[in-house]
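Protein chains: 2
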Amino acid sequence: MVHEPDNIMTCGKPLGTCLRIIENFHGWKAPGLVLGLFMVDLAQELIGPQVEADAIVETCHCLPDAIQLFTPCTVGNGWMKILDWDKFALSLYDRRTKHGCRVWVDLEKMRPYPKLYKWYMRLIPKKELPLDVLLGIILEAGRHVLSSQAITMTQFHDRVKKTGINVCPVCNEAFKATQGSICRACQGNGYYEGHRAKVVGN
Amino acid sequence: MVHEPDNIMTCGKPLGTCLRIIENFHGWKAPGLVLGLFMVDLAQELIGPQVEADAIVETCHCLPDAIQLFTPCTVGNGWMKILDWDKFALSLYDRRTKHGCRVWVDLEKMRPYPKLYKWYMRLIPKKELPLDVLLGIILEAGRHVLSSQAITMTQFHDRVKKTGINVCPVCNEAFKATQGSICRACQGNGYYEGHRAKVVGN
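Sequence lines, in order, name chains A and B.
Residue 177 in the numbering used here is what sits at position 177 of the first sequence, and the numbering runs on without skipping anything.
Residue 200 in the numbering used here is what sits at position 200 of the second sequence, and the numbering runs on without skipping anything.
Bear in mind the hints are in silico, worked out from the structure with no lab data behind them.
Relax, there's no trap hidden among the hints.
A pair counts as met if it fits within one copy or between any two copies, since identical chains are not told apart.
Capping the alpha-carbon separation at 25 Å, the derived lysine to any residue pairs in SDA-like fashion look like this:
hint, residue 1, residue 2
1, K98, P72
2, K29, C11
3, K162, M121
4, K29, G142
5, K29, K118
6, K162, S147
7, K118, V133
8, K81, T71
9, K118, S181
10, K98, G27
11, K115, L19
12, K162, E108
13, K81, I21
14, K29, L131
15, K118, N172
16, K109, H61
17, K109, N172
18, K109, N166
Since the structure is predicted, the reported quantities are computational estimates derived from the model, not experimental observations.
Kindly produce the complete structure, drawing on both the sequences and the hints.
Here it is as structure tokens:
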């Protein structure tokens, strides 16, 4: 069992509550997501409670869920953008002023936690580092392995607007007008073969 | 106030509970997300409770949050993929058998609900269709405006594996190894200017 001290607050809630929220949404206490909790917590403190911040995250793995769970920003409401750079970093920013704050995992600060470093750099097989051990190290490390910087956004700061839609003459579904006269799927880029039968499964 | 009959169950929960979950996560009862709730509910029923399904969604707007809230699939755990096609459609599938089910908004079935149709086709300004009215129509329409089909996945069915990472010699952060010898941000594609000061905000 990982020791979860209840006197630690993260993102305005007791740490144990945050860990349960993570497990409930993400399916398990993914170490990257627990580290992400501390990152969001730090970014929120730096940007301050008065700013209704938008978010940008520099990896697809785990970290987007930390933002979705502990800020109002989600992928579906358009307040969070995801960059597929595999950098474990996130920024919160005021889209009006373009001022914000970037938080990232600092490799130098990770050196005192060699197992954490090896996990982070994908140098150790899962079976050699049990989840409970890794989570214990992350809870101990917390903010100590993070760095932060005030930033001014230079791109990606505007919210993505909905564009026009057309009706595809082949499938008769609405689709993004900028993608041509017929939809992507009917252009041959679909991901499925359809069957007449309604019954699915095996 | 929208009438939310408590005897209707969606995704295994009373409808009113689902609407509160939506509002809590997404920030408001976005009509697209409420429609998405009925889509996930139908897809889950068709694929059956025995399948631990992965998900694919064909728009960035609203619908990804319905999947994240009412299935185990999230953007951060990698079980949900998002296609930026602006098609209001989703599929749940068994990644082992590649069999699944696609659910989409059927324009023909929407004709009996002219206000819903106009909203969906982005033909009516927000101020001419109050949210409560629109939500009432969506709750009345429910599955009646949806179509579904059994499918076999032909691409995007495998989970995205984590790839190798390198340390960028400029910023000293880890990044996706396939993106070059230095990271995207240090290549000049970053989204921010950094400042020395730690104080952010206005």
